[in-house]
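Asker: Listed here are the chains, written in short residue letters.
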Amino acid sequence: MSSSPGWLTDERESALLAGMLAPSSPVPLEALAAESKAITLRRFGRTISLYAPLYLSNHCSSGCAYCGFASDRKTIRRRLEPDEIERELLAMKKLGISDILLLTGERTKAADFDYLRRSVELAARRMQRVSVEAFPMSVAEYRTLAECGCTGITIYQETYNRDRYEALHRWGPKKDFVDRLETPARALEGGIKTVGLGALLGLSEPLEDALMLYRHVRHLSRTYWRAGISVSFPRMRPQTGGYEPPFPVDDHLLARMIFAFRIALPDVELVLSTRESAAYRDGMAGLGITRMSIASRTTVGGYDDTGRTDKGQFDVSDDRTAKEFCAALRERNIEPVFKNWEPVFNGPSDVQGTTMKPEEVHICH
Amino acid sequence: MDLLQLGNYSFTSRLILGTGKFSNSKVMLEAVRSSGTQLVTVALRRFNREQLEDDLFGPLRELPGITLMPNTSGASTASEAVRAAHISRELSGSPFIKVEIHPNPQHLMPDPIETFEAARILAKEGFLVMPYIAADPVLAKRLEDVGCTSVMPLGSAIGSGQGLATAEMLNIIIRESGIPVIVDAGLRSPSEAAAAMEMGCGAVLVNSAVAVAGDPPAMAEAFAGAVIAGRQAFRAGLMQKSGAAVATSPLTSFLGAKA
Amino acid sequence: MKEMSQMITIELNGKEETLPSGSSVSELLSIVGSDGKNVAVLVNDQSVRPENRSAKLLQKGDRVEILIFAGGG
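Protein chains in written order, with the numbering used here: chain A, 1 to 365; chain B, 1 to 259; chain C, 1 to 73.
Fair warning: there could be bad hints in the mix.
Straight-line Cα separation of at most 27 Å, DSSO-like style, residue types lysine-lysine; simulated pairs [unchecked claim]: (1) Lys-37/C x Lys-21/B; (2) Lys-339/A x Lys-94/A; (3) Lys-323/A x Lys-37/A; (4) Lys-56/C x Lys-37/C; (5) Lys-93/A x Lys-323/A; (6) Lys-21/B x Lys-15/C; (7) Lys-175/A x Lys-323/A; (8) Lys-26/B x Lys-37/C; (9) Lys-74/A x Lys-109/A.
From chain B, some residues computed to sit far from chain A (all C-beta separations above 12 Å) [claimed, not checked]: (10) Gln-5; (11) Gly-36; (12) Glu-50; (13) Pro-103; (14) Gly-126; (15) Ser-160; (16) Glu-176; (17) Gly-178; (18) Ala-213.
In short, the hints are calculated from the structure, not lab data. Here a beta-carbon is modelled for each residue, glycine too, at the ideal position from N, C-alpha and C.
Just need the whole structure built from these sequences, with the hints factored in.
Answerer: See below:
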């Protein structure tokens, strides 16, 4: 069993953030909000970048205690076939979506690397930007995904508390804490342009997780200084599995965390999903959050309405349509941005830096 | 122990002294002594039989605890700098080399392209490369990537005494760097050296401010004290500067009352 | 014993210098007043280490650089 890396416990690194998050912190929430808003405005302007998730499959080999898709649950398992993926993509495009996050569970025979790769190829043909939130892969696998048009990998540590992590991940490859921790670095090493990090708030003591998540961001940005990093704040909500989060995070604490992250990490994309209510998302837009999912379905597929009534991974709280959500943003003087990437720049980033080598472009058909 | 780690050398002093512009070598040596410095820069020059006192190597060798960091000043290309580095290493035995390539004698700004080339080559050859650069955050990371031991961004132009004119860029470099950041050039006063250390610099390099002071050894001692104070303040955790003013209408009212 | 009439011209630190034919680098160093301890010597761009300086003989037209460490920032 490998030991945890030194950067995970470097308190000096996260001192600024700790000062803002501590319960005894003298800084009032409103002051943090004002500073966070000012920084967001300067750095990101009045825009929110929008994306939508597409669950390709809910097959899973892991035993995460908190997830409705854990391998011991009675959920009906299915995966999207290529023609279904095509239909989903077209349905999503009709809603205006052009930035997509493809999701699967942990590696299974039904939804393995090849399945994922082929799905990325399909998505890259239809969507301007394709990211993936799936199972940890090798550097070579990430490089292949990058060559096929994937520019982002989201992988949450879930919790940075090693004891809690090992208790919650009961079996399967996900049980390895350090391997999971090293996954974003492998993705960047493979030439993926952006990684999305996060802790599932509610699983462990949230302030500890926040500080270690911050240290993870700082550690990665020192080595992979050309890379984009985004931080999400998934907060445990009632879901199909019925897991009660032992460390619930209330609205105020979540807001405080988001503002503090914005102040401590002025250049990092901060992401809020549809786990949060409409009112919360509207309020946080422009105060620190710069990226949100829209019109989400957390069932397998679901955009191409076939009348299925499957249960999703988590219950969507903000179920507004894309149109409704965009109207709400515009009312707050924020411009929704659907396309913020040009696929001509797809392909693995050169981690070492170029010295005028000819670029090799792999085109997947 | 809060040591400055450069390669496999550990230093207790975070003040690096330049040896140029002093009125005479006796004053320079006194300043070196009173500063407590353990690392001094020297430049390769032609021997001059009429000015035997130009040679600093002899006298510096007699001071205990001093490591030499030869610079490549005079070089205007990477290959000249590499050549100077080889000669310097052979003469001094020190693996340190300050890559200093400034082709324009008016402003003495460093050439980033030649500097990068020279640094890349010398790092591969096992030198402890300390490149002198403009405060360019991306160049700093590129140099770190090729194996430099530190980066030395300027505070302001050599000898200009304009202090930390590049503070904003220095902050970015310090934040992003995995190797010590040593502010070099342009520092005029001990308070500026303290400010640089408070920002998180690993060390500062001072030359003109000490050499042309009224009393160089006393000034060197003042700089030493400032560097210690600034470093201690940094490690003690400075109070944050206050941020934006609070908005007139509450931004967080949508959150409702605290649970 | 060297014949005083046989002098050669070399280039030393960019300037012309005459010295007896067959002089070694060590001898050149004492002519110019250097004790050789704190100097680097290059002959035609090649470094001549201290232990080789008495054996290294100078030829007509050799370009010699004698370098020291002087003050610098």
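Asker: None of the hints should be skipped; say for each whether it holds.
Answerer: Hints, verified against the model:
At most 27 Å may separate the alpha-carbon atoms for a hinted pair to count; Lys-37/C and Lys-21/B meet this at roughly 24 Å. Straight-line distance between C-alpha atoms of Lys-339/A and Lys-94/A comes to about 14 Å, which keeps the hinted pair within the 27 Å bound. Our distance criterion of 27 Å between C-alpha atoms is met by Lys-323/A and Lys-37/A, whose separation comes to about 25 Å. A hinted pair counts as satisfied when its Cα atoms are at most 27 Å apart, and Lys-56/C with Lys-37/C qualifies at roughly 17 Å.
A distance of roughly 13 Å separates the Cα atoms of Lys-93/A and Lys-323/A; the hinted pair therefore holds under the 27 Å criterion. With a C-alpha separation of about 26 Å, the suggested pairing of Lys-21/B with Lys-15/C holds against the 27 Å cut-off. The suggested pairing of Lys-175/A with Lys-323/A is violated, with an alpha-carbon distance near 40 Å, which exceeds 27 Å. This hinted pair checks out: Lys-26/B and Lys-37/C have alpha carbons roughly 20 Å apart, not beyond 27 Å.
Our distance criterion of 27 Å between C-alpha atoms is met by Lys-74/A and Lys-109/A, whose separation comes to about 18 Å. No Cβ of chain A approaches the Cβ of Gln-5/B within 12 Å, the least distance being about 15 Å, so the stated non-interface status holds. Every C-beta of chain A lies more than 12 Å from that of Gly-36/B, the closest at about 25 Å, which supports listing it as non-interface. No Cβ of chain A approaches the Cβ of Glu-50/B within 12 Å, the least distance being about 46 Å, so the stated non-interface status holds.
Every C-beta of chain A lies more than 12 Å from that of Pro-103/B, the closest at about 22 Å, which supports listing it as non-interface. Separation of Gly-126/B from chain A is adequate, the least Cβ-Cβ distance of about 20 Å exceeding the 12 Å criterion. Residue-level check passed: Ser-160/B sits 30 Å from the nearest beta carbon of chain A, beyond 12 Å. Against chain A, the non-interface label of Glu-176/B is violated: not every CB pair exceeds 12 Å, the least being about 6 Å.
Distance to chain A contradicts Gly-178/B as a non-interface residue, since its nearest Cβ pair spans about 5 Å, not more than 12 Å. With a closest Cβ-Cβ approach of about 34 Å to chain A, Ala-213/B is found to remain outside the 12 Å limit, as its non-interface label requires.
Hint check: violations occur at hints 7, 16 and 17; the rest are consistent with the structure.
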